[in-house]
Amino acid sequence: MQLIQQLRQRQPLVHCITNFVVANFQANGLLALGASPVMADAVEEAEDIARIADCSILNIGTLKQQTVDAMILAGNSARATGKPVVLDPVGAGATPFRKASVLKVLDEVDITLIRCNTGELAAIADIPWAAKGVDAGEGSADIEDIAKKTARKYNCLVAVSGEVDIVTDGHSTLSITGGHPMMTTITGMGCLLSSVTGAFLAVGMERPLEAAADALSFYKRAGEQTAKTSSGPGDFAVNFLNTLHTLDRESKTFLA
Amino acid sequence: MQLIQQLRQRQPLVHCITNFVVANFQANGLLALGASPVMADAVEEAEDIARIADCSILNIGTLKQQTVDAMILAGNSARATGKPVVLDPVGAGATPFRKASVLKVLDEVDITLIRCNTGELAAIADIPWAAKGVDAGEGSADIEDIAKKTARKYNCLVAVSGEVDIVTDGHSTLSITGGHPMMTTITGMGCLLSSVTGAFLAVGMERPLEAAADALSFYKRAGEQTAKTSSGPGDFAVNFLNTLHTLDRESKTFLA
Amino acid sequence: MQLIQQLRQRQPLVHCITNFVVANFQANGLLALGASPVMADAVEEAEDIARIADCSILNIGTLKQQTVDAMILAGNSARATGKPVVLDPVGAGATPFRKASVLKVLDEVDITLIRCNTGELAAIADIPWAAKGVDAGEGSADIEDIAKKTARKYNCLVAVSGEVDIVTDGHSTLSITGGHPMMTTITGMGCLLSSVTGAFLAVGMERPLEAAADALSFYKRAGEQTAKTSSGPGDFAVNFLNTLHTLDRESKTFLA
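Residue numbers (our numbering), protein chains in the order written: chain V, 479 to 734; chain F, 479 to 734; chain D, 479 to 734.
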């Protein structure tokens, strides 16, 4: 059985500590996919939620100081029971606060996968040319090398999104082509991808590198298919949720 | 005049202390229905907003400690002037923090109606089998009994959502059938229902049990009608807002 | 070249300190328009983000005490490098906390433009009849006078939204007609307008009054065009994002 079918059968509970900008899109995306979202970022309960969830997603999009504490509690709680933890270092290089917070989480939690873009990777890896602005697609050879080094340093998977996605465990690297430029026109596409990757990992921890690559590939195909029927960013977002629901489902009829 | 017509004429101001995941959907749903939303969860102003609003909705979806304080201030402010207060105990059984917070609000505020699902009801009533996971539809006879006991204990209405909704004042119980499984595929449908019920109560406090039942019935019919024209969870959410606007309106043309 | 074309070419980075109800709609609206949103409200980084952004938007929709501090830090950081700062005093008259916060921000930050409705303007100007409820359209002659006085008092532009929008620098006043009543049926339309105006100012600070009027006019036309193809508030919101993308673009095909 394909991983997406296993995911839809098991409906993993995906715990998200995420930003308030994309929380709704992320929750609806996980539901559409076939997973069960639980959005809980309070330091008072992060540990408890992570314990009952099948994976935790740590997204620093609208970070506050106490959210960092919640992330560390949640991350360690999830890992203590062998569940995957995905870190999404949104805009890691934009401010010293973000960068320091990301490095603190990486230092204190045994992260399973970092899902980022090239600029965020450069910030984590402390690459000087990042400060001048890094776009996906530029210096791709270097990006793979930096991703591998980062994966080895933190003993985790690193997935870098762009025109071509890559995911590496520090030794092997898989590349995923496809996708569509429309995916860059709405907010939260990267954040939702991190959650989707977490859902795939929740049911695919026997082969995590392949599970992550499966998620990235599924997502790019969903973007391609959605682009065919979308006339602008407004309906692209709506249609993308529909596609997450139907893609690779035997019946293409909603709920059938 | 039907309650929904009264609601659209009076456009009650519905104060929501709610979670950041569904706040946008909840506000747009109330606007589409014909009510006026005001989303204000700061402890600095919760009391003032509740005083000028026609009802207050307390939703613990992404609770923080200080939100509990805001809820108690708002709830007591609303009740002091006879306005209804709806409690939505989202995931009450998921963590000790949520359960303790819900019980604290119930202890300190004279809640008008608890709008919950079976799992949340079980958590509030401290029913041990809740811990094993409770789905709507299972053990419905028991659910009615627990709902009635909870209503008597807190001297409030209790509405339990599921394939069949029930609402009780502890003595009489009304059942509402209908709805559609698509309603379970997007986030915030329960949260919005709590707000909609509050809007109905704001104009129907002469007969609150019937007003709550009216709201539940209206909502289930809106779900049924929306399902007919929706192909997935993305457009279901969009179309549901349209339906909230047109259902039981004489003119079916937007703004006409 | 028209301002909207300059905006799409330069893609200004628009920093929003905003409420959690509309953050998603606001970010997607800015992206659709052709700007780059960055939503960051933490006091820990507000100053840093404002420094790298092309303008900052301060929206008090779901204000907390520490957000006021973040706004002052961000506002002064933006102004120190000559970037425009837009203040959106959402519901300024609703509670003493909101009014005091707005006056504090106006006192401590050299605001470029206040974008508000008539009720909010009245609250800022301390006009007694505001307390009885002020609707757009009533007493429009007085509104212009109050707007001009407010503009002179705070040495800024004041834009007041309504059936007819006005914008003034305290001396000259421009009026913008158009728009559509559907624009009042979804949450966040005013909040997004403030951000859009900020994006126009970011590329039009040579003639700020005209840039603001351009933004108001563009937005009203977007509403009119969207209304033609929308059947309810649900799809109006979706279609409005599409329109923001295509309006005044040579190619009407998404991403072409």
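Take these hints with a grain of salt, some might be off.
The list treats identical chains as one, so a pair stands whether inside a single copy or across any two.
Subject to a maximum C-alpha distance of 27 Å in a straight line, what follows is the list of computed DSS-like cross-link-like pairs (lysine-lysine) [what the hints assert, rightly or not]:
1. K626 - K542
2. K577 - K706
3. K706 - K542
4. K582 - K626
5. K577 - K626
6. K542 - K582
7. K698 - K542
No lab work stands behind these hints, which were simulated from the structure alone.
Hints and how they fare:
1. K626 - K542: neither (30 Å within a copy, 38 Å between copies)
2. K577 - K706: neither (37 Å within a copy, 46 Å between copies)
3. K706 - K542: Close neither inside one copy (39 Å) nor across copies (42 Å); limit 27 Å.
4. K582 - K626: Only inside one copy: K582 and K626 sit 20 Å apart there, 50 Å across copies, limit 27 Å.
5. K577 - K626: within (19 Å within a copy, 44 Å between copies)
6. K542 - K582: both (14 Å within a copy, 23 Å between copies)
7. K698 - K542: Neither: 31 Å inside a chain and 36 Å across chains, both beyond 27 Å.
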